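Construct the complete structure from the given sequences, taking the supplied hints into account.
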Amino acid sequence: MADLARLSINQATTREQYSLAQAITAYSEADVAGISIWRDKLAECGLPEAVRMLGDSNLRVSGLCRGGSFPAIDAAGRQTSLDDNRAAIDEAAALGADCLVLVAGGLPEGSKDLAAAREMIRDGIGAMLPHARANKVPLAIEPLHPMYAADRCAINTLSQALDLCDELGAGVGVAVDVYHLWWDPDLQAQIDRAGSRVVAYHVCDWLVPTTDLLLDRGMMGDGVIDIQQISGWVENTGYNGLIEVEIFSAHNWWKRPGAEVIRVCRERFQEKV
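Residue 32 is where the sequence shown starts when you use our numbering, and the numbers rise one by one after that.
Simulated from the structure, these hints should not be mistaken for lab results. These numbers come from a predicted model, not from an experiment. Certain hints may be false.
Unchecked claim - The calculated DSSO-like cross-link candidates involving lysine-lysine, where the alpha carbons are at most 30 Å apart (straight line), are: (1) Lys72 to Lys167; (2) Lys286 to Lys303; (3) Lys303 to Lys72; (4) Lys72 to Lys286.
Here it is in structure tokens:
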């Protein structure tokens with residue numbers, strides 16, 4: 032049974048119900064320990080107001096979503112991405128976030144060169160890393176399921192993410208998201224390899240059948256992922272941080288009252304995580 036003191040709710044879980052200000056209030060009143068903030072919601076609220084509200088609440092910021100999107104068709108596009116990532120680091124530092132989550136980006140428009148996209152990802156993270164280190168913001172590379180390799184993230188296994196960590200050094204870790212990684216036959220070994228480089232852990236479930244590969248994630252216990260097994264592997268690394276519930280659900284959970292979603296998150300977190 033997971034400890035509720037480690038529950039963080041990613042804003043994506045209630046993105047259609049709450050603004051950032053409303054989410055901070057609702058999560059705090061429900062005795063949720065943490066929140067993971069999305070930058071579009073942060074922009075609507077304004078960074079100073081978000082910092083003020085968080086300071087008045089009992090919420091810890093488990094992560095800021097998101098940086099990344101490094102590949103681009105030309106140097107100007109890559110520089111624009113780098114500038115945006117440095118701004119995201121500044122925001123994460125101001126929020127006191129545990130990490131900045133990186134969704135690395137897929138193929139540039141018109142390209143079929145996956146290897147080149149991965150080189151741009153490596154170079155992009157390397158270029159932003161000094162700014163992250165200076166601001167004491169850990170970077171969390173989040174591998175996404177291979178179905179997203181073309182358009183969202185060309186880093187698709189934990190092994191690939193850890194290879195980048197090995198190459199780039201201190202300040203870069205990984206986000207383990209069960210939705211994206213549960214299928215990998217090498218997952219336990221790669222989580223063991225990650226060790227202290229696990230800086231974020233995200234949970235939800237994979238529904239069968241699924242109606243939408245992006246926006247039909249399940250609540251923990253409603254699908255086929257052995258979440259408790261993966262949680263055990265993550266715990267064995269020594270990870271003791273917050274555990275985020277991150278559910279994109281246009282067809283179900285986004286249509287329910289926010290208070291109901293939070294209540295079920297709390298119940299399932301204890302039962303299934």
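**Prompt:** Can you name, in rising order, the numbers of the hints this structure does not satisfy?
**Reply:** none
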